[in-house]
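Chains as they are written, first to last, in our numbering: chain A, 1 to 412; chain B, 1001 to 1412; chain C, 2001 to 2338; chain D, 3001 to 3338.
Derived from the structure by calculation, the hints contain no laboratory data.
Note that this is a predicted model, so its numbers are computed, not measured.
Glycine is no exception: its CB is placed at the ideal position from the N, C-alpha and C atoms.
Treat each hint with caution, since some may be false.
[Unchecked claim] Covered by chain A, per the in silico footprint, the following chain C stretches (three or more residues, Cβ under 8 Å): (1) 2053-2061; (2) 2064-2074; (3) 2099-2107; (4) 2114-2128; (5) 2140-2152.
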Amino acid sequence: MPRRSRLHIPHAHSRPGEAPDFSYLETSPAGAVARPDVNARVRDIGNLSIELVRVLDDDHRAVGPWHPHLDPSDLQVGLRHMLLTRVYDDRMQRSQRQGKVSFYMRSLGEEAVSVAQAMALRPGDMLFPSYRNQGLFITRGKPLVDMMCQLLSNTRDMCKGRQLPVMYHWTAGRIFSISGNLTTQFPQAVGWAMAAAIKGEDDIAATWIGEGSSAEADFHHAMLFASVYQAPVILNIVNNQWAISTFQGFAGGEQRSFAARGPGYGMAGVRVDGNDFLAVYAVTQWAAERARTGAGPTLIEHVTYRGAAHSTSDDPSRYRPKDDYEKWPLGDPVERLKNHLISLGEWSEERHAALVQELEEHVLESWKEAVQYGTLTDGPRLSRDLMFEDVFKEMPAHLRKQREQLRAEQGG
Amino acid sequence: MPRRSRLHIPHAHSRPGEAPDFSYLETSPAGAVARPDVNARVRDIGNLSIELVRVLDDDHRAVGPWHPHLDPSDLQVGLRHMLLTRVYDDRMQRSQRQGKVSFYMRSLGEEAVSVAQAMALRPGDMLFPSYRNQGLFITRGKPLVDMMCQLLSNTRDMCKGRQLPVMYHWTAGRIFSISGNLTTQFPQAVGWAMAAAIKGEDDIAATWIGEGSSAEADFHHAMLFASVYQAPVILNIVNNQWAISTFQGFAGGEQRSFAARGPGYGMAGVRVDGNDFLAVYAVTQWAAERARTGAGPTLIEHVTYRGAAHSTSDDPSRYRPKDDYEKWPLGDPVERLKNHLISLGEWSEERHAALVQELEEHVLESWKEAVQYGTLTDGPRLSRDLMFEDVFKEMPAHLRKQREQLRAEQGG
Amino acid sequence: MPQMNMIQALNSAMDIMLGRDPNVVVMGEDVGFFGGVFRVTDGLQRKYGEHRVLDTPIAEGAIIGAAIGMGVNGLRPVAEVQFADYIYPACDQIFSELARLRYRSAGEFWAPVTIRTPCGGGIRGGQTHSQSPEGIFTHVCGIKVVMPSNPYDAKGLLIASIEDDDPVVFFEPKRIYNGPFDGEPNKPAVPWSTHPKGEVPEGYYTVPIGKAEVVRKGKQVSIITYGTMVHVCEAAARSLGLDAEIIDVRTMVPLDVDTLCTSVKKTGRCLIAHEATRFSGFGAELSATIQEECFWNLEAPIGRVAGWDTPYPHAFEWEYFPGPQRVAAGLKAVMETP
Amino acid sequence: MPQMNMIQALNSAMDIMLGRDPNVVVMGEDVGFFGGVFRVTDGLQRKYGEHRVLDTPIAEGAIIGAAIGMGVNGLRPVAEVQFADYIYPACDQIFSELARLRYRSAGEFWAPVTIRTPCGGGIRGGQTHSQSPEGIFTHVCGIKVVMPSNPYDAKGLLIASIEDDDPVVFFEPKRIYNGPFDGEPNKPAVPWSTHPKGEVPEGYYTVPIGKAEVVRKGKQVSIITYGTMVHVCEAAARSLGLDAEIIDVRTMVPLDVDTLCTSVKKTGRCLIAHEATRFSGFGAELSATIQEECFWNLEAPIGRVAGWDTPYPHAFEWEYFPGPQRVAAGLKAVMETP
Ligand SMILES: Cc1ncc(C[n+]2csc(CCOP(=O)(O)OP(=O)(O)O)c2C)c(N)n1
Ligand SMILES: Cc1ncc(C[n+]2csc(CCOP(=O)(O)OP(=O)(O)O)c2C)c(N)n1
Ligand SMILES: [Mg+2]
Ligand SMILES: [Mg+2]
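Construct all of the structure, not just a fragment, from the sequences and the given hints.
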């Protein structure tokens, strides 16, 4: 039965039992990529979508034209947010394992993307995240208790029990509701940005998807509308090398960088070391300035690695080497920023350990508070009547009737 | 009420009452673009998607590395097919105006695309056309009577009265059924090509959309699957500058060529003068060889102009200058090939006039035959029972019942 | 009172809303410079500018996706899908996003998008320019579904839809854009000026979403229908000399069950008619609901008349269309009692 | 006879068809190397190679678009959509193309694509991993719609679907992948080995598309249902001590009207149950059809029990799910005669 086939099938570079192999990854030395003017024409900056913008070199120094020259205090804030994200992730993962939370998704290894970008954008800018951008919420200051209550679907759940864990939103913090459907937020962010432009407002929009999600139609929809109307938006692809079990080659990354789609649509495309806090910050600042000054949208590909499982429903040892993450050539974003700060004399192992401990306590305290408002299994629960609200702005007759039916069904 | 708006709105270069303005069009001199090896890496041939491959120069000579060196007899065949397409279009347009046909779409000015490509491909290659590729059917030899019967929805209609006029298909001629839904054929062609590759067969697929249709999600779907699996397929965008009333800028053409999407997806992209029969032929041959030898898919943008109305339902004088087509810088494909043949000493005005007359007679004869099989209003009609067939392979009970109901309704 | 056809009435609704509310924007394929392939948006871009009336790329999914984002940012987009047959590329954004955004964000985010789209056959459009997919949308909770049958309602319902903070899919039966149609294609076309509902106020008014209308009072049978079929059913009932009560559903979601059931309880007989394909069409929900509510009043089975369960074939448009003969046959069956 | 759960039975169906027919290919997100997120395609790529069992990009619309082209070129694609909630990006290719290709080309082109997709709730999946959108697909003419309720049928129907030259959308109620479920989430899980339909032949066999099954004979009332709800309805009827006739619809299109109506004519009473949202759900079509065919035999209104007309909320999964209480209430109403 086996037939001769000319179909090309992308192959992951290493599979369970094999040694990790990242020889496919094309990088540039830190500092090597020029930083064009924010008004540069797309056709003149195609290289940005192929090379890799990096600031931190192997000796933990910040080098080259993309060096954002942030204050050490800002870098410490960034480190704190990244660490808090990581500590929060670890604790919530454990809560899931303990059966307190039905589902969880970590962002291990990708913390720089959310944290640096949230810091580089303005508070008024509107964010349309994917499910792996908890760092955006944390950096913008969403109380952890609020986020935990969402995970617990409890009485203080911002989603009123309707969404799967991690599908947060934060209206006051200008962060949009996360969807379980991949990529749908991409054209929505563009529409939001178009509206800002129509209204003559200065805020821009930013949105994130995984590289796997760039296969969905909404990626194209967003690219096209952003390009045609030159919408003030930053479109981010977080290329963490893996979707669930399929590696980035199955989303097209084998033939060309994801950032290269930008120039294809007449849009600036930038490929950045996603584990380099400074590089992500600088590229975001550049893209935001482009957007805000009317120079057009930017597609940013963040080259990073998904250090953890896809979600708590997934076992990565079935599809990739166990030590893959340790061998990732771009290192760990927290370690890299920490070492940079230490090399600047603005941080130490001791301060780091103390910070970790402080954050762990903060997370634990928050968790203790959150569970008081109920968990999926125990404690106070939201009223089941809420199930029928917000389908429409005003509840129509058929839903009022169903609400009565449910009350009768459940006795009272 | 008017607010300051930063939204960019693409503007057509000229509107009714204004002088045609094609200064936006970027071209290359005939013969100027290098012809890379069919195995060239995508990253090394990005220029092909920006420059414009041309063979025929202003003095009607064929020049440069893309010159396909066809026999004059082949060129004469090409000219004949293009002319037949045009004569057929004119006659069918008139039939629509006379109320014999409910709807029609001409391909005036774009004949070279279908005819040269059909000639450059092999008979076994599978074609997935749009509604403006009648030249493919004509070049592959579909009898005009068959095509006319489709337009008339008559007793010999290949579609059994089910499709709008021009939605032909031809199984024996390896031409797929045309859909009224834009762009849906694009990923289907890729799937067909994937199947050919899986089966180890040598045939390739080719498919066509208008530039306006490249906005649809299926464009992205096709690009992505073709790239990921390196499917043996040629994806064609016929950039005739207009969708219905919106010009190509509304599909993204203002910022970048359509061919540039190719490299963005890691695929070869070629921009070709679509009114240059020789250039279209040569580029298609190159892309077909790439596909057939496993070097991957190609996106071809044919730069041409929609000389006629969008369809018989449309009045272009509402949205573009009346004399736009006459001023189109790339001329007319029929005229250009004719002049080239004349310059070669292989054609003359006399032979041309005689050919036109012959073709007109042929079309008229065909029409006379076709109407004998019925028209929408007169003559023999298909059995209404056919309405219920082919919904499924075998008619299920509820459709048999409905067929009976209709018989009863109509008495008999 | 001014006379308007449905195209003018719809145009007037958008004109008024663009004028009253700076957040209203109109968008879609060919709607701007050209004024729409059916000319429903004619003149609006000239009047309100190209930042309020936007031509878009040909990508229905992107149009709705962008409209959602615009809605979240405070605009009130009125998006046209050129033909209802072409709404499917937008299904995911409509079903997964537009319909559920308010719910999933516990009321914090929503997008007041109105999607206008011409539906129905009878214009020789073949299988891809004739569909009536409204039934599909009625199964998706979180969107309102509207279809007017005349210029007066069209304008009032469209204004109400644009003002509504919930998303609305607004179907326009294109066969009756220019005049009411009784299902006889060979009779001369009748303009809206001959119809009382062709009288349309120039200014602002609304027709409430969620209210059906009894367009003819009657005692013998209730005919429940909407869109083009309102006129066909009127003609069919008249031809049979039946004293039918004819109800124009107008809003499918939320459905005005009271008005329907009050009528059926009174007449004891019910025929449901729509142009869409029969199987699992909206008539099924109407029939099921009425049966549940009015079972003890029914003197005969509820009947359904609809398009056949096939695509809408170009050559057999009038054999497909549920014309007066099919409606009459349905009525006769409903009037029988063994 | 070997015991299989539904995952194994479905896996076996594909294994057999990959083995029997070189044109069968399996494709979808994570179905290849990984064997699918529910492990339904486990081991198939290892056995048949990566040109027969294809991992795909995450693009449901592209998967179906490509599958159509493959089908036209002689293959028999079995495409997985990872969750039924994610089928909407493929709506256009399914509705406009897959369903209509045979028709529009007068039978000359068609694509024998089977679309497998896990549906339904009860696994804490929240509003985007719990949907039952089958009703929508039943309104689109040209596709067959199937949903099995047990391993034996799952395998037989999947083989029949793959062999069918018409497109089939094949819904897999994921809550019963591992065992039958009577609607009581707090009771210990029961494996398929305790159920007679957990006995599944190793080899090739088919269960015919288009045939409903009477899973329990009874005299007092007909319960018409499918998927997970078959088991819930059995439990509810048992708890009420009712002699119910329970019919598993199995195929929604084409619908086995005869089997349903024979039963209802006999019992005179009918309850319809599904997990999907009620309004315009497939229950509406079932109710309308049965009412039309069996009106004179009905002793009480046909009842419908379904999910509420809201998204499926994460925290209220069991308040949403039409469990035994809701079915029992529905049965009581149907058993009453005033
Ligand atoms: C439309 C849709 N299809 C499929 C899924 C199932 N799914 C959830 S996450 C995921 C992988 C996404 O990978 P990627 O975009 O790379 O994001 P990452 O998880 O790596 O951050 C898949 C297939 C979904 N949620 N939505
Ligand atoms: C999905 C879909 N949306 C909209 C339409 C209506 N429509 C038909 S042709 C057309 C313009 C297409 O322009 P282009 O792709 O440039 O092709 P051309 O007519 O120029 O050859 C439009 C909008 C359609 N047929 N299908
Ligand atoms: Mg990823
Ligand atoms: Mg065009």
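To see whether the hints hold, each was checked on the structure:
no. : hint      : verdict
1   : 2053-2061 : holds (count 4)
2   : 2064-2074 : holds (count 10)
3   : 2099-2107 : holds (count 7)
4   : 2114-2128 : violated (count 0)
5   : 2140-2152 : holds (count 3)
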